[in-house]
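These protein sequence lines map, in sequence, to chains E and U.
Mind the numbering: the first sequence is residues 1 to 114 in our numbering, read in order.
Mind the numbering: the second sequence is residues 1 to 114 in our numbering, read in order.
Calculated from the structure, these hints are not laboratory results.
All C-beta atoms in this analysis are idealised placements derived from N, C-alpha and C, irrespective of residue type, glycine included.
Hints may be right or wrong, so weigh each one.
Beyond 10 angstroms from chain U on every Cβ pair, some chain E residues (computed) [to be verified]:
#	residue
1	LYS27
2	LYS44
3	LYS51
4	SER58
5	PHE65
6	SER66
7	LYS71
8	PRO102
9	ILE113
In the SDA-like style, the derived pairs of lysine to any residue whose C-alpha atoms are separated by at most 25 angstroms in a straight line are [what the hints assert, rightly or not]:
#	chain 1	residue 1	chain 2	residue 2
10	U	LYS109	E	PRO74
11	U	LYS109	E	ALA88
12	U	LYS71	E	ALA88
Residues per chain, in single letters:
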Amino acid sequence: NAGVMQNPRHLVRRRGQEARLRCSPMKGHSHVYWYRQLPEEGLKFMVYLQKENIIDESGMPKERFSAEFPKEGPSILRIQQVVRGDSAAYFCASSPTESNQPQHFGDGTRLSIL
Amino acid sequence: DQQVKQNSPSLSVQEGRISILNCDYTNSMFDYFLWYKKYPAEGPTFLISISSIKDKNEDGRFTVFLNKSAKHLSLHIVPSQPGDSAVYFCAASARVDSNYQLIWGAGTKLIIKP
C-alpha cells in the first residue's frame, strides 16, 4: 500500500462534531476514489474525483458529506455533524487514469463516533 | 441489491492445498473483474484481474477463472501458504455514463491452517 497516504489512521469524534479525512494519492495519480467499509461488509463506493472536479458522487450521502480534491494538497472527505452510524473504515484509492486500471489503496482511516 | 456476491464469509484450507474463492455477479454489463487481498488494518491490495473477453488469467500461484454464462468467477490459489490468510474481495467494473465504477463483494476470509 506504499504510495497512497491517508491520515489520520484513527479518528475519534463525538456526535455532532466534524470529521476531516485526508488522502494523498500516489505520485503521478490524478484520480482519487473514496470508499466506506462498514463492519462485516465490502467496500462501498462513495465518490470519484479528479483535480478540482467531482466526477461521480453517486455513492455519497446527500447530506453532511462532502469531498474535494484541490489543485494543491490532498483530497479531503468531510463529514459534518457526525452520527454513530458514520463509524466505519474510510479508504482512499488512486489511479493514474480513468480506466479499468487497478486502483491503489491507502491503509484507511478508522472513524469512531462516541 | 447486491450486484457482486461472495457467498462464503470464510474458508479454511490446509497449507499446501488449493484454495478456491468464489464470486457471483448479476450485471451482464460488467466487463472487467478484479481480486483484492486485504490484511487487518491495511488497505486492499490488488492481486489479479481478468477481462470479460478471457476465461482464464494466471499469475504465479493465482489463477482467476471467468464463466460469463454462469456469471461466476473464481480465484484459485495453489499451493496455499500461511501468508495467504487474509480477506479476499472480488470487484467488478462497468462503465456507468462516462465513468468506470467498481462494485465490490462483501469479502471472504481465507484461513490457511498449518
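Checked hints:
1. LYS27: Non-interface label stands for E:LYS27: nearest chain U Cβ at 17 angstroms, farther than 10 angstroms.
2. LYS44: 7 angstroms, violated
3. LYS51: Answer for E:LYS51: holds, closest chain U Cβ roughly 16 angstroms.
4. SER58: 8 angstroms, violated
5. PHE65: Non-interface label on E:PHE65 holds, nearest chain U Cβ at 18 angstroms vs cutoff 10 angstroms.
6. SER66: 19 angstroms, holds
7. LYS71: Holds, since 21 angstroms exceeds 10 angstroms.
8. PRO102: 4 angstroms, violated
9. ILE113: The claim holds: E:ILE113 sits with its nearest Cβ about 19 angstroms from chain U, beyond 10 angstroms.
10. U:LYS109 <-> E:PRO74: 32 angstroms, violated
11. U:LYS109 <-> E:ALA88: The hint holds at about 19 angstroms.
12. U:LYS71 <-> E:ALA88: 30 angstroms, violated
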